[in-house]
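Novice: As given, the protein sequences belong to chains A and B, one line each in that order.
The opening position of the first sequence corresponds to residue 136 in our numbering, with each subsequent residue numbered one higher.
The opening position of the second sequence corresponds to residue 26 in our numbering, with each subsequent residue numbered one higher.
In case anyone wonders, no lab produced these hints; they're calculated from the structure.
Hints may contain errors.
[Stated by the list, open to error] In silico lysine to any residue, SDA-like type, Cα no more than 25 Å apart, as pairs: (1) A:141 / B:245; (2) B:84 / A:287; (3) B:169 / B:73; (4) A:196 / B:253; (5) A:265 / B:248; (6) B:204 / A:237; (7) B:201 / A:237; (8) B:201 / A:196; (9) B:173 / B:194; (10) A:265 / B:247; (11) A:196 / A:166; (12) B:272 / B:42; (13) A:141 / A:237; (14) B:169 / B:179; (15) B:265 / A:283; (16) A:150 / B:240; (17) B:84 / B:102; (18) B:173 / A:257; (19) B:172 / A:257; (20) A:265 / A:280; (21) A:150 / B:47; (22) A:150 / A:257; (23) A:176 / A:224; (24) B:262 / A:220; (25) A:196 / B:256; (26) B:173 / B:47; (27) A:196 / A:220; (28) B:272 / B:83; (29) B:201 / A:234; (30) B:201 / A:208; (31) B:84 / B:281; (32) A:265 / B:256.
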Amino acid sequence: MEYIVKTENLVFEYKIQVQTEGEEATTETEAALNGVDIAVKKGEFVAVLGHNGSGKSTLAKHINCLLSPTAGTMWVKGISVADEERIWDIRSSVGMVFQNPDNQIIATIVEEDVAFGAENLGVPPAEIRKRVDEALASVGMAQYAENPPHFLSGGQKQRVAIAGILAMRPDIIVLDEPTAMLDPIGRREVMNVVKKLNREEGITIIFITHFMDEAAQAERIIVMEEGKIAMEGTPGEVFAQIAPLKAIGLDVPQVAEIAAGLREAGINLPQGLLTVDALVEEICRLR
Amino acid sequence: MLKITIGQYYHANSFIHRLDARMKLLCTIIFITVLFFVGNFLGYALAAVYLAIVIMASKVPPKYLFRGLRAILFIIVFTTFLNVFFTQGEDILFAIGPVQITLQGLLNAARMATRLVMLIVGSSILTLTTTPIQLTDAIEFSLKPFKKIGVPAHEIAMMMTIALRFIPTLIEEMDKIMKAQMARGADFDTGGLIKKAKSLVPLLVPLFISSFRRADDLALAMEARCYRGDVGRTRMKQMKLAMRDYKALAVMTIFVALIFALEYLARIWGIW
Chain A
136 MEYIVKTENL VFEYKIQVQT EGEEATTETE AALNGVDIAV KKGEFVAVLG
186 HNGSGKSTLA KHINCLLSPT AGTMWVKGIS VADEERIWDI RSSVGMVFQN
236 PDNQIIATIV EEDVAFGAEN LGVPPAEIRK RVDEALASVG MAQYAENPPH
286 FLSGGQKQRV AIAGILAMRP DIIVLDEPTA MLDPIGRREV MNVVKKLNRE
336 EGITIIFITH FMDEAAQAER IIVMEEGKIA MEGTPGEVFA QIAPLKAIGL
386 DVPQVAEIAA GLREAGINLP QGLLTVDALV EEICRLR
Chain B
26 MLKITIGQYY HANSFIHRLD ARMKLLCTII FITVLFFVGN FLGYALAAVY
76 LAIVIMASKV PPKYLFRGLR AILFIIVFTT FLNVFFTQGE DILFAIGPVQ
126 ITLQGLLNAA RMATRLVMLI VGSSILTLTT TPIQLTDAIE FSLKPFKKIG
176 VPAHEIAMMM TIALRFIPTL IEEMDKIMKA QMARGADFDT GGLIKKAKSL
226 VPLLVPLFIS SFRRADDLAL AMEARCYRGD VGRTRMKQMK LAMRDYKALA
276 VMTIFVALIF ALEYLARIWG IW
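Isolated chain B, as found in the complex:
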């Protein structure tokens, strides 16, 4: 069975889990933005401490969290490599032929890697502590102001919900088709990349056809249940900001203020 970790949710009863999804989304966006302003390592240390506190508060096992990093390990290694070897700088540490390794290069590499790791961990906390449906609601809410300029907020959210709903169904179906093809002698495992890619065609064609049929059925079922877009619609689960959400926002604000103060000091003192 294929494993897909999109929107993976870790169920626990923690302060972070109980926060309003909109507040979590806002805080995550602020955190990510701030990461790109920070240039000194004191700032990164502070951000790391902040992340660690949030992780502990979320009750998500760190093992679970860092598993997500494996997927982007290649990107981290790759950017580090590029930064180390291709950053121009004055303080040459040592040179092998035409390749120079500079202090600026090493620093840049470290900054980029730290940012990437914290970015992924930070956003994983959001998806691990928020159910997909809450997240979609939060996205719909945050897109509402853009409705006036023609952003279909409700439709985007509905599409995300349906996509999330059908991921397991389609995986199951893919599994079934694969087995049916294998029973008739199809070979998905051997051969080069091109041969493997070609063997996927008899898999994807039936999957596409059945997806269209499902889409047709689903549209009919939605229409039968009086769905007509966003017209006169209410929601069973109302999003309400509680005291804890304001507390979280206050903590976030203090964190941002500290980060900027550190950044200012670092520039005056000239530390990295």
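With the rest of the complex left out, here is chain A:
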């Protein structure tokens, strides 16, 4: 099996200044990533779960070479991220969406912003035009092409950011908590676009989040804790482990918790129920 993103014992350390009163400042090394092994297949939709400081953002930034590993290796499309000559090959095939929708829009007009990445790659003008129109259409923002971005809602801005990446024709999109600053409607809009891109265009998605219901929609979940991988598996498998998840400060989707409670009370329900519809269907079948 060909892996599009693969890491081996990935370690990332950074230095922090520690100042205690009456003493000189000392530098300490802290590991944000401490031996991470992941492997993502082409076309997969992977969610990375973890609370603040678990190293999930640091991992995301490695995929786009925004950070380089202290030890261990990472390959993106078979290219080692340590190969500095090919850094732009990696960046052009890995798109990245960040948390703050305001701080990643560069231009004063939506379509100009969508064109930005493709312009940087040196794509011919007519081709950029075509890609921009297609990208805006596939995130459902075509009617806003000539608007200034500051009138858009948070969810719309994130969709513009995704369009900007689509215009670069990437193989992988890494989304670093793209919904953390959005309202529920914006979150749903972004999630739907991401799922559609994965399903219809076969783009590999690495979705970093701390929302359980979003992670539940992925094919596979990687749970991170203190720079290490704590759990891995399908949403059904991961969310069945309610106690270990709670031990590292994470929740499970409400449906999974209710199903577990019912099972404990002696009601015969199968594992892996994550949506309200699935749970309702199973409960109705009991009669």
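Based on the hints, put chain B in the right spot on chain A.
Specialist: Just chain B now, kept in the frame of chain A:
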């Protein structure tokens, strides 16, 4: 909400709007330069007629255009005042004590005021009919020849674009911080100038801090989207000169020729 009119664009579909931004920039620079060569009032009249035609062609309501003059009203009044009272000349019209009002003074004052008004109106037409992004592109293009002597043309244009992009974001943020401070009892409205200035400090500090954070985020986002300066970059919107741009240039040339002819005649005939 604060109102900022920098780079304000008036959307309309006119001949002037459709002109290439580079041509508009060139014509505006020529127009402004010419204004400072003109010394006679026939020339000013011609320039005014020319401006009026351009304004009509641009479909920008004159009300909109002249609003920009309000901001510099003080400068106009001030220079007029200085010119009237402090120009030395022979033809003294009347004198009040040591202050003399001379014919030369009045003429100079009128010239200066006319020039200033036309300068502002002329350059407002440029900014009102050109989107900020087109204007930045035009500036980048015109700075290109100076790249060899180390002028960072692309970087200047990119900085202008980002600044324009973040003006509304920062205004919004300032508004938010102001409200947050007011909710905690801050007072921005009363007191003298010094007290008011002091009350801005708790506003500016958080604004600066968040701007640095935004800058950091933006730099990361730009790098992630393969930005590496001007290296191997293309543009989606290509600037192309069309027939109408050459027509505009021809009109401008005729105007300049007429102005200089008038100026020459005025000097021979000795009119003002």
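Novice: Compare the structure with the hints numbered earlier in the document and write down the numbers of the violated ones, lowest to highest.
Specialist: Structure breaks hints 2, 3, 8, 9, 13, 17, 21, 22, 24 and 30.
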